[in-house]
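A.B. asks: Just need the whole structure built from these sequences, with the hints factored in.
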Amino acid sequence: MLISLYLRIWFWITFIRYRNSLPTTSDIENPKMEIEGFSQSFTYEDEGLWEAKWPLPEAFKYVISYLTYLVIGIENDKNFMRSKRFDRSIYTMAKRYFPNWIGFHPPRCTYNAELSDRMQRIRKVSLWKFEKMFDEEI
Numbered sequence: 275m276l277i278s279l280y281l282r283i284w285f286w287i288t289f290i291r292y293r294n295s296l297p298t299t300s301d302i303e304n305p306k307m308e309i310e311g312f313s314q315s316f317t318y319e320d321e322g323l324w325e326a327k328w329p330l331p332e333a334f335k336y337v338i339s340y341l342t343y344l345v346i347g348i349e350n351d352k353n354f355m356r357s358k359r360f361d362r363s364i365y366t367m368a369k370r371y372f373p374n375w376i377g378f379h380p381p382r383c384t385y386n387a388e389l390s391d392r393m394q395r396i397r398k399v400s401l402w403k404f405e406k407m408f409d410e411e412i
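Each residue of the sequence shown is one higher than the last, beginning at 275 in the numbering used here.
Bear in mind the hints are in silico, worked out from the structure with no lab data behind them.
Just so you know, these numbers come straight off a predicted model, no measurement behind them.
You may find that some hints are simply not true.
[As the list claims (entries may be wrong)] Within a straight-line C-alpha distance of at most 27 Å, the following computed DSSO-like cross-link-like pairs (lysine-lysine) qualify:
id, residue 1, residue 2
1, LYS327, LYS398
2, LYS335, LYS406
3, LYS358, LYS369
4, LYS327, LYS406
5, LYS369, LYS327
6, LYS398, LYS306
7, LYS306, LYS369
8, LYS369, LYS406
9, LYS306, LYS406
10, LYS327, LYS306
11, LYS306, LYS403
12, LYS403, LYS369
13, LYS306, LYS335
14, LYS403, LYS358
15, LYS369, LYS335
16, LYS358, LYS398
17, LYS335, LYS403
[Stated by the list, open to error] Pairwise CB distance ranges, derived in the manner of DEER restraints:
id, residue 1, residue 2, range
18, ILE290, GLU410, 27 to 37 Å
19, PRO380, SER295, 14 to 24 Å
20, ASN374, MET275, 24 to 34 Å
21, ARG370, GLU410, 41 to 51 Å
22, ASN374, GLU410, 36 to 46 Å
23, TRP284, ARG395, 33 to 43 Å
All C-beta atoms, glycine included, are put in the ideal place defined by N, C-alpha and C.
C.D. replies: Below you can see the structure in the form of structure tokens.
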């Protein structure tokens with residue numbers, strides 16, 4: 275509980291500091307979707323998260339986790355990382371400070387059966403590669 279409070283305060287300060295610093299439009303016609311390893315969440319190359327100054331990408335890991343949950347749908351979500359309630363609160367906070375961010379455009383944060391299926395297949399392959407990598411280490 276105390277850790278959640280600390281994270282909320284830290285992210286709130288981070289969002290205020292970097293308010294409206296993420297891209298709102300894209301020049302890329304079909305941006306490539308990328309999977310974030312441990313959380314199994316998805317981002318697009320034109321969202322500008324990984325080019326942003328630290329700690330903004332760290333705070334947005336919770337946001338992209340919730341965005342992935344919204345796109346995949348409740349019945350298909352495996353809850354890889356954290357509680358949905360905490361992720362939703364960080365998502366809501368981020369929407370307040372980055373309202374026009376390209377990642378919040380409706381096609382990227384609403385359920386889509388075709389995209390959900392594609393994400394689930396990518397997750398399976400990613401997990402298989404992850405397990406294979408760890409098996410090789412032993």
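A.B. asks: CA of LYS358 to CA of LYS398, is that 27 Å or under?
C.D. replies: holds (21 Å)
A.B. asks: Hint check: LYS369 vs LYS406, CA-CA at most 27 Å. Holds or violated?
C.D. replies: The hint is violated at about 37 Å.
A.B. asks: Between LYS403 and LYS358, does the CA-CA distance stay at or below 27 Å?
C.D. replies: holds (26 Å)
A.B. asks: Going straight from one Cα to the other, do LYS335 and LYS403 come out at no more than 27 Å?
C.D. replies: holds (21 Å)
A.B. asks: Between ASN374 and GLU410, is the Cβ distance one that fits in 36 to 46 Å?
C.D. replies: The hinted range 36 to 46 Å holds for ASN374 and GLU410, with Cβ atoms some 44 Å apart.
A.B. asks: At the C-beta level, are ARG370 and GLU410 separated by a distance inside 41 to 51 Å?
C.D. replies: holds (44 Å)
A.B. asks: Decide if the proposed pair is consistent with the structure: LYS306 and LYS335, CA atoms, cutoff 27 Å inclusive.
C.D. replies: Since the Cα atoms of LYS306 and LYS335 sit roughly 18 Å apart, the hinted pair holds (cutoff 27 Å).
A.B. asks: Given the proposed pairing of LYS398 with LYS306, does the C-alpha separation stay at or below 27 Å?
C.D. replies: holds (18 Å)
A.B. asks: Do the beta carbons of ASN374 and MET275 sit within 24 to 34 Å of each other?
C.D. replies: holds (33 Å)
A.B. asks: Run the distance test for LYS327 versus LYS398: straight-line Cα separation, threshold 27 Å.
C.D. replies: Cα-Cα ~31 Å, so violated.
A.B. asks: LYS335 and LYS406 were given as a pair; does the straight-line alpha-carbon distance stay at or below 27 Å?
C.D. replies: Within the cut-off at roughly 24 Å; holds.
A.B. asks: Holds or violated: LYS306 with LYS369, Cα cutoff 27 Å?
C.D. replies: Satisfied, since the Cα-Cα distance of roughly 23 Å is no more than 27 Å.
Consistency note: the structure conflicts with the earlier hints numbered 1, 4, 8, 12 and 18.
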